[in-house]
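Engineer: So you can see what is in the structure, the chains are spelled out below.
2 protein chains.
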Amino acid sequence: MISLHESTKLALAEIVGAGHCHFDRLTIDRYARTTGFKSVPALAIILPDSAQEVQALVRLANQHKFSLYPTSCGKNWGYGDGAPPRTGQVVLDLSRMNRIIHVDPKLCYAVIEPGVTQGQLSQYLARHHPELWMDSTGAGASCSLIGNFSDRGFGHTRYSDHYLSCSGLQVVLGTGELLETGFGHYSNAQAKHVFKWGVGPILDGLFSQSNFGIITQAGLYLMPQPEDYCVFIFGCKDDCHLQDTVDILGVLKRQGILQSAVHIANDLRAFSGAMRYPWEAANNCTPLSDNLRNTFRKRFGIGAWTGTGIITGPPEVVKAYKKLICRGLAACKPQFFSKKQIMVAHSFTRLMDRLGKTPALVKKLKLLKPVADMLVGLPSNEALPGACWRVKSKAAHDPQSYDPLDHQAGLAWISPILPMTGDHVEKILSHIPSIYKKYSFDFLATFTLINERSLVLVSNVAFDRSNEKETHAAQECYNHLLGWLMHEGYVPYRLSPSSAHTLASHSSEFWQVAAKIKCALDPNNVISPGRYEVTDGIN
Amino acid sequence: MISLHESTKLALAEIVGAGHCHFDRLTIDRYARTTGFKSVPALAIILPDSAQEVQALVRLANQHKFSLYPTSCGKNWGYGDGAPPRTGQVVLDLSRMNRIIHVDPKLCYAVIEPGVTQGQLSQYLARHHPELWMDSTGAGASCSLIGNFSDRGFGHTRYSDHYLSCSGLQVVLGTGELLETGFGHYSNAQAKHVFKWGVGPILDGLFSQSNFGIITQAGLYLMPQPEDYCVFIFGCKDDCHLQDTVDILGVLKRQGILQSAVHIANDLRAFSGAMRYPWEAANNCTPLSDNLRNTFRKRFGIGAWTGTGIITGPPEVVKAYKKLICRGLAACKPQFFSKKQIMVAHSFTRLMDRLGKTPALVKKLKLLKPVADMLVGLPSNEALPGACWRVKSKAAHDPQSYDPLDHQAGLAWISPILPMTGDHVEKILSHIPSIYKKYSFDFLATFTLINERSLVLVSNVAFDRSNEKETHAAQECYNHLLGWLMHEGYVPYRLSPSSAHTLASHSSEFWQVAAKIKCALDPNNVISPGRYEVTDGIN
Numbered sequence: 123m124i125s126l127h128e129s130t131k132l133a134l135a136e137i138v139g140a141g142h143c144h145f146d147r148l149t150i151d152r153y154a155r156t157t158g159f160k161s162v163p164a165l166a167i168i169l170p171d172s173a174q175e176v177q178a179l180v181r182l183a184n185q186h187k188f189s190l191y192p193t194s195c196g197k198n199w200g201y202g203d204g205a206p207p208r209t210g211q212v213v214l215d216l217s218r219m220n221r222i223i224h225v226d227p228k229l230c231y232a233v234i235e236p237g238v239t240q241g242q243l244s245q246y247l248a249r250h251h252p253e254l255w256m257d258s259t260g261a262g263a264s265c266s267l268i269g270n271f272s273d274r275g276f277g278h279t280r281y282s283d284h285y286l287s288c289s290g291l292q293v294v295l296g297t298g299e300l301l302e303t304g305f306g307h308y309s310n311a312q313a314k315h316v317f318k319w320g321v322g323p324i325l326d327g328l329f330s331q332s333n334f335g336i337i338t339q340a341g342l343y344l345m346p347q348p349e350d351y352c353v354f355i356f357g358c359k360d361d362c363h364l365q366d367t368v369d370i371l372g373v374l375k376r377q378g379i380l381q382s383a384v385h386i387a388n389d390l391r392a393f394s395g396a397m398r399y400p401w402e403a404a405n406n407c408t409p410l411s412d413n414l415r416n417t418f419r420k421r422f423g424i425g426a427w428t429g430t431g432i433i434t435g436p437p438e439v440v441k442a443y444k445k446l447i448c449r450g451l452a453a454c455k456p457q458f459f460s461k462k463q464i465m466v467a468h469s470f471t472r473l474m475d476r477l478g479k480t481p482a483l484v485k486k487l488k489l490l491k492p493v494a495d496m497l498v499g500l501p502s503n504e505a506l507p508g509a510c511w512r513v514k515s516k517a518a519h520d521p522q523s524y525d526p527l528d529h530q531a532g533l534a535w536i537s538p539i540l541p542m543t544g545d546h547v548e549k550i551l552s553h554i555p556s557i558y559k560k561y562s563f564d565f566l567a568t569f570t571l572i573n574e575r576s577l578v579l580v581s582n583v584a585f586d587r588s589n590e591k592e593t594h595a596a597q598e599c600y601n602h603l604l605g606w607l608m609h610e611g612y613v614p615y616r617l618s619p620s621s622a623h624t625l626a627s628h629s630s631e632f633w634q635v636a637a638k639i640k641c642a643l644d645p646n647n648v649i650s651p652g653r654y655e656v657t658d659g660i661n
Numbered sequence: 123m124i125s126l127h128e129s130t131k132l133a134l135a136e137i138v139g140a141g142h143c144h145f146d147r148l149t150i151d152r153y154a155r156t157t158g159f160k161s162v163p164a165l166a167i168i169l170p171d172s173a174q175e176v177q178a179l180v181r182l183a184n185q186h187k188f189s190l191y192p193t194s195c196g197k198n199w200g201y202g203d204g205a206p207p208r209t210g211q212v213v214l215d216l217s218r219m220n221r222i223i224h225v226d227p228k229l230c231y232a233v234i235e236p237g238v239t240q241g242q243l244s245q246y247l248a249r250h251h252p253e254l255w256m257d258s259t260g261a262g263a264s265c266s267l268i269g270n271f272s273d274r275g276f277g278h279t280r281y282s283d284h285y286l287s288c289s290g291l292q293v294v295l296g297t298g299e300l301l302e303t304g305f306g307h308y309s310n311a312q313a314k315h316v317f318k319w320g321v322g323p324i325l326d327g328l329f330s331q332s333n334f335g336i337i338t339q340a341g342l343y344l345m346p347q348p349e350d351y352c353v354f355i356f357g358c359k360d361d362c363h364l365q366d367t368v369d370i371l372g373v374l375k376r377q378g379i380l381q382s383a384v385h386i387a388n389d390l391r392a393f394s395g396a397m398r399y400p401w402e403a404a405n406n407c408t409p410l411s412d413n414l415r416n417t418f419r420k421r422f423g424i425g426a427w428t429g430t431g432i433i434t435g436p437p438e439v440v441k442a443y444k445k446l447i448c449r450g451l452a453a454c455k456p457q458f459f460s461k462k463q464i465m466v467a468h469s470f471t472r473l474m475d476r477l478g479k480t481p482a483l484v485k486k487l488k489l490l491k492p493v494a495d496m497l498v499g500l501p502s503n504e505a506l507p508g509a510c511w512r513v514k515s516k517a518a519h520d521p522q523s524y525d526p527l528d529h530q531a532g533l534a535w536i537s538p539i540l541p542m543t544g545d546h547v548e549k550i551l552s553h554i555p556s557i558y559k560k561y562s563f564d565f566l567a568t569f570t571l572i573n574e575r576s577l578v579l580v581s582n583v584a585f586d587r588s589n590e591k592e593t594h595a596a597q598e599c600y601n602h603l604l605g606w607l608m609h610e611g612y613v614p615y616r617l618s619p620s621s622a623h624t625l626a627s628h629s630s631e632f633w634q635v636a637a638k639i640k641c642a643l644d645p646n647n648v649i650s651p652g653r654y655e656v657t658d659g660i661n
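Heads up: the protein sequence lines correspond to chains A and B, in order.
Sequential numbering of the first sequence, starting at 123, is according to this note's numbering.
Sequential numbering of the second sequence, starting at 123, is according to this note's numbering.
Any given hint could turn out to be false.
Since the list gives no way to pick one copy over another, a pair counts as held whenever it fits inside one copy or between any two copies.
DSSO-like mimics (lysine-lysine), calculated; alpha carbons at most 30 Å apart, straight line [as the list claims (entries may be wrong)]:
no.	residue 1	residue 2
1	K462	K359
2	K461	K441
3	K228	K549
4	K461	K514
5	K638	K187
6	K445	K461
7	K420	K559
8	K441	K455
9	K461	K187
Since the hints were made in silico from the structure, they are not lab data.
All of these numbers come straight from a predicted model, not from anything done at the bench.
Work the whole structure out from these sequences, hints included.
Structural biologist: Here's what the structure looks like:
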């Protein structure tokens, strides 16, 4: 199918209202923008307002034989944005469904729709329930919370595993039926949003990284604001030091001493949040030379790797953990910033800004601010410019509404999981950076302690989409990286829709089972064909 | 089908060896023993030795049109034992598959088969890896670890959510195909047993409380032995006090101060571990009168409710948490027992036993020992006699191998989940005990803080299976309890195979989806028909 029939267009408009259907080239082109390698225009853009409308749209898709590409807010940059992964799809933009339906301040959870963003919930809580914290990712204020946990994103606090923080999903299936997971399907279920597993088979995992249904409502766990907290920052002078540190962190993590996720970013990742690629200093050569890296390390006052985490709890607990972390990470010279110090630092950098002064300390504080914000559950847009690292155009941007799509930023995440030992870090670091280098890209990287036993390496090919040659090289680099990782058994925890098929194989029983479930729940394949499933590799 | 064809018997024997197939009345009757309301004999008992044999058996079941009732060890008393829930099934006893395949002492996990018991792993760790702890349930040493997590059992430490502690399942599907969940299906997957979710849809939840497949191997997270720990015990003088205490505990739990599961048992639950129903003192009347309850409370030195939990970590952390818990639970007069004190108490009670002395302190210590053991991850058989509370025959039992089936103990668990607030506890306690009383049963009960937001009430109808009238009353009582709970929206977290159909309805989209998945993965319905699924109510 290359376009929708007029009768289909009329039927779509009848369901959501003519004002919420877009068939014009301008809107379609705007949605087709992507940070990925290929831009695919949709057949139409439809913005429903309720689960009932979503149900009606899915039924229409079955009748009129078109497929839907649901997106919560279209801000899953680098893992799939508002652009469908293949042709012939209607974008189902859920951003109008942005109601915060309920917040339970005693049991600490919210019930939300897919259009609710990190920024929206954060502001709502600040206003109505300042005693509650949410966990935030680095993807900024405009990202959908449901979109993030359904793709298994993670954040920074002790609630960093977002899939674990949702309970009680409402899902529209490929037949148009409405499913409630957990206890939600029982009338009057008291524990719907406080006990995730329900009774009988656990179905909510099926709606995470899949195309089996469209989540239209969910419960989300929140944290009570801790009485006290302390942010810590530590450095590793080189890769060897990082390996030793990972072994130490692993012990602290499994002993329950480190409760937050710990993120350890390399120098390039840190630079990328604060500056563009220094084309001039680099004589237009890529990747960044070791010499220049050293220069910028000095300028920002950081080493090869910088780790961050948070300790939360009553003051006496924070004190006890601080002592233990201080001892365990002694070789990394950890610095601790109390709640009070962080407040003061924010005021201090604002004052320096007003005075037009930027001493080294201010630079470092600025570099750390987005992380410090996220450690206390505040979404920050300040990491987003990292997506533009290699973009040459210097269009100004508004930090309040930063969107990599406005800058033709190319962003392809490579995020393998590795067991939490120094040996595995060593193996990764002795291969992955050289592959990036081979294609003249910089190895922007963060290792995150995602649970008590594994790390995720979040690295990305940062490229300029306006440069065709570079985009081609980025794709080659990405394929090379993925190929090496899969060969060595370091499987990514998450993929973009356009590359998911590379990990799904007809010969694998796992993907065959997934295909059978897809067929049972969405027999006409109307929801997001190609997303996390076996395809013939043709998009 | 009422019996197996000779050709089927031969084919079964060919797969597992004649010595591991049982068609004789004696063995079948032994397996038909149950703590439930109805005893159903199997067609045969088959004990395979490997996943390959399980695959061959499932294929044979498809060809020869019989169904399999897989059981890990047959010790899921009260939720389903070795007896199939309905006629015409072949018991697939996996207890020979009891290999501990691998223990990773650095990343703290084990890879095990379904026949591995709590006692077996505990002893293995004590011998080979004393630096590792496992989490144990109250079901004793002979229970299967895989059986328990696949039914979503829970324990006592910070690893109490057993479903969350498994990673990387190997499952035989109804087609005979072998599925690996998580990352396990990728060759050479490094993080198979350290990162549960894998990539793409999460399938392992499908093999929990279901009949979609047979788990033949799994990874299980273990804890590093904490440097220090402290067990705490507290009392609530009446139901009203319990309600207030639950609100306080909820705050401590959500603040991350209470990391273990906290179990709060009523007086009857505590008595039942240490004595049988006092028929003589009660003049053969049931349930136990308030007067007698008070007498025994005094004798054991406990109040209406007794709570237990553990703090683990380095000494300074244990100290900080102890102070906070001591303050929070002040009205419950918490007592704290250090690692050292617990060791001494064990020696002390053993000494008193040898001297034939049982002062009040020793009685209390004995009452608490099974809980103290489980808090440090040691399986204990000492709670098992609780199943015999109402059994009149006084057959002696060996505490090393206690089996409620040897005593015709009747045991029907009722375990609803409720939001973690005093209000919900009040509502439950103002209805449930009176239903038990109506049918002359005792309300044996434990409330457990199963996560940060919900409680599970684990209560059970304890009856004497040798008494037909009492068994009938038990069934009536059970139905009444379940009916009231479902009406009020307090859904059980787990059910026995013979009652699961009461919660599964044809009209529910949830159970329709489950049925579709069953059909996709086990089209001939050969695995455990009737288990956690919609049936016509006929077993």
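Engineer: Indicate which option fits the pair K441, K455 if close means a Cα-Cα distance not exceeding 30 Å: within, between, both or neither.
Structural biologist: both (17 Å within a copy, 26 Å between copies)
Engineer: For K461 and K441, with the copy left unspecified, which applies at a CA distance of at most 30 Å: within, between, both, or neither?
Structural biologist: Intra 12 Å, inter 23 Å, cutoff 30 Å: intra and inter.
Engineer: If the cutoff is 30 Å on CA atoms, where do K461 and K514 land: within, between, both or neither? Let me know, please.
Structural biologist: neither (38 Å within a copy, 63 Å between copies)
Engineer: Measure nothing new, just compare the shortest in-copy and cross-copy C-alpha distances for K445 and K461 to 30 Å and report within, between, both or neither.
Structural biologist: both (16 Å within a copy, 22 Å between copies)
Engineer: Using 30 Å as the alpha-carbon threshold, which applies to K420 and K559: within, between, both, or neither?
Structural biologist: within (22 Å within a copy, 76 Å between copies)
Engineer: My question is about K461 and K187: at a cut-off of 30 Å on alpha-carbon distance, are they close within one copy, between copies, both, or neither?
Structural biologist: neither (56 Å within a copy, 67 Å between copies)
Engineer: I want to check one pair: K462 and K359. Are their C-alpha atoms no more than 30 Å apart within a copy, between two copies, both, or neither?
Structural biologist: Within one copy only: 29 Å inside a chain, 42 Å across chains, cut-off 30 Å.
Engineer: When Cα atoms must be at most 30 Å apart, do K228 and K549 count as within-copy, between-copy, both, or neither?
Structural biologist: Between copies, since 18 Å is at most 30 Å while 46 Å is not.
Engineer: Classify it for me, K638 with K187: is the Cα-Cα distance of at most 30 Å met within a copy, between copies, both or neither?
Structural biologist: both (20 Å within a copy, 22 Å between copies)
Hints 4, 9 from the list above are not met by this structure, while the remaining hints are.
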